[in-house]
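**Student:** Let the hints inform the model, and build the full structure from the sequences given.
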Amino acid sequence: MVEGTDGSGKSTQLYLLKRWLEIGGYRLHFTEWNSSELVKAATRRGKQRRLLTPTTFSLLHAADFADRCERQIMPLLQGDYLVLADRYIYTAFARDGARGCPQKWLRNLYRFAPVPDITFYFRAPLDVAVQRILSGRPKLKYYEAGMDLGLSYDRPESFRLFQARILDGYDKMVESDNFVVLDGTLPVNKLQKQMRDIVASKIDLKRFAPRADEAE
Amino acid sequence: MADHEKEKDKEKPTTAETSEAQPPTGSASARSSHAGEEDVASAFFAEPLVGFDPGEISGTLIVIEGMDGSGRSTQISLLQEWLESEGFAVQTSGLRRSNLVGRDIDELLAKNAVTRLTLALMYCTDFFDQLEHRIVPALKSGAVVLADRYIFTLIARSVVRGINRDYLSGLYAMALRPHLTFWLNVRPETAFGREFRKAQAISYWEAGRDMSLSHDLYWSFVRYQTMIKREFEAVAKRQNFIELDGEASVPTVNKLLRQRIAEQLGIRATKYTPSSALAHLWR
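As you go down the protein sequences, you meet chains A and S in turn.
The numbers in the first sequence follow the working numbering, run straight up by one, and end at 216.
The numbers in the second sequence follow the working numbering, run straight up by one, and end at 283.
Bear in mind the hints are in silico, worked out from the structure with no lab data behind them.
Just so you know, these numbers come straight off a predicted model, no measurement behind them.
Be careful, since some hints might not be right.
[Unchecked claim] Derived list of chain A stretches under chain S, where covered just means 3 residues or more per stretch with a C-beta under 8 Å from a C-beta of chain S:
1) 66-72
2) 103-115
3) 182-196
Cβ coordinates follow ideal geometry from the N, Cα and C atoms, glycine included.
**Tutor:** Printed below as a string of structure tokens:
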């Protein structure tokens, strides 16, 4: 499971980890935050019409996650699959918390979620992360930039302030939620080596190797 | 994922725990006077709604609860007409009526392709969208809001499907506490007949068919609605429900509702006869 602010390099790293495990033939499932078909229409509608408030924004994502959790993550964990998640409930704790949702309410909202065996947290300094996003994107979207918080009328500036709050939220969870902190500014291949070493040492990968009757 | 057995235990909503978990009931004053000096927390069940000041509320939130076939919607139509004739602005709310996800829930129900937790969270989203975009603005402008069901139905439905009560009251911690909550109590057997007459059918969800209680539609309906009814009985006192006999005639129930609402609004309980548009409901 990987977490980190936008632009911290986490998706690239998780992709490489996935390739490594796939090539090794392990049974795995990859899941992304906010990817269920279920709430796509509602999220789009809510964003276009700017109907979303901190509370409903958070609830919609929770419904999306519950759907994936009940239909994919839980059954697959039961069936001895490795599950790789690009973002997890900590995204909600950091981001929805930055929007003002009470932590107690958020923790309760997601308490059906399985606790990850490893949570990688890719930490990149605010300036680095913000720069990576701003240079690669023509225009920031309204909610992405945290415009709904009314922090600033300037989108890049609002994005920066919003990301600063999120980063702060992640940092607060490092100890309480046992994050494995990785330096998001390291070269990609070095970071990936660290990640693979940690996975190999913490997880008994043999359990996820193909069963005899599944080979070929 | 070495210890997924442990993780199973963490999935709390499925545990059968039935501990005392309803939101704490506030002081009696929280429901009689509502303008201003109340403690902020008592306006909500447990936590304040993000970015919202309960001091701005000058309207009145009235909830009508009761199973399908208890006469809720009939009474709400009549109450709306009565209140408007008395000069009050009225706003209504109900399940699956939000702009955000109302239609999505309809689709999910039609396809029957959704798990209970996801459905509970979709209903919760629907509820808060209406609370923030419909109920709260109306209450700020001094209107009377008539809510056709509220969090109590939503919680009861999920509890009977095995979702942890504590979890659910946590979800709805930021719901506004109604000024009045009426419970139109009827026997499921009566409700079945009334519902059947309306559409010459009983819907899958109304009969709780997803719970595999009985292959027989009638018994499935009766058993499901009885379970919901027990949940209501369990919270009625704590939540200060005003219980009315939903088996009584429409005018009788309506009179009791008007008396109690008039008292709340500080007006005289005047006589009321429905206009010709609603006369067909008056039986």
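**Student:** Hint numbers the structure violates, sorted upward?
**Tutor:** Hint 3 is the one this structure does not satisfy, whereas the remaining hints hold.
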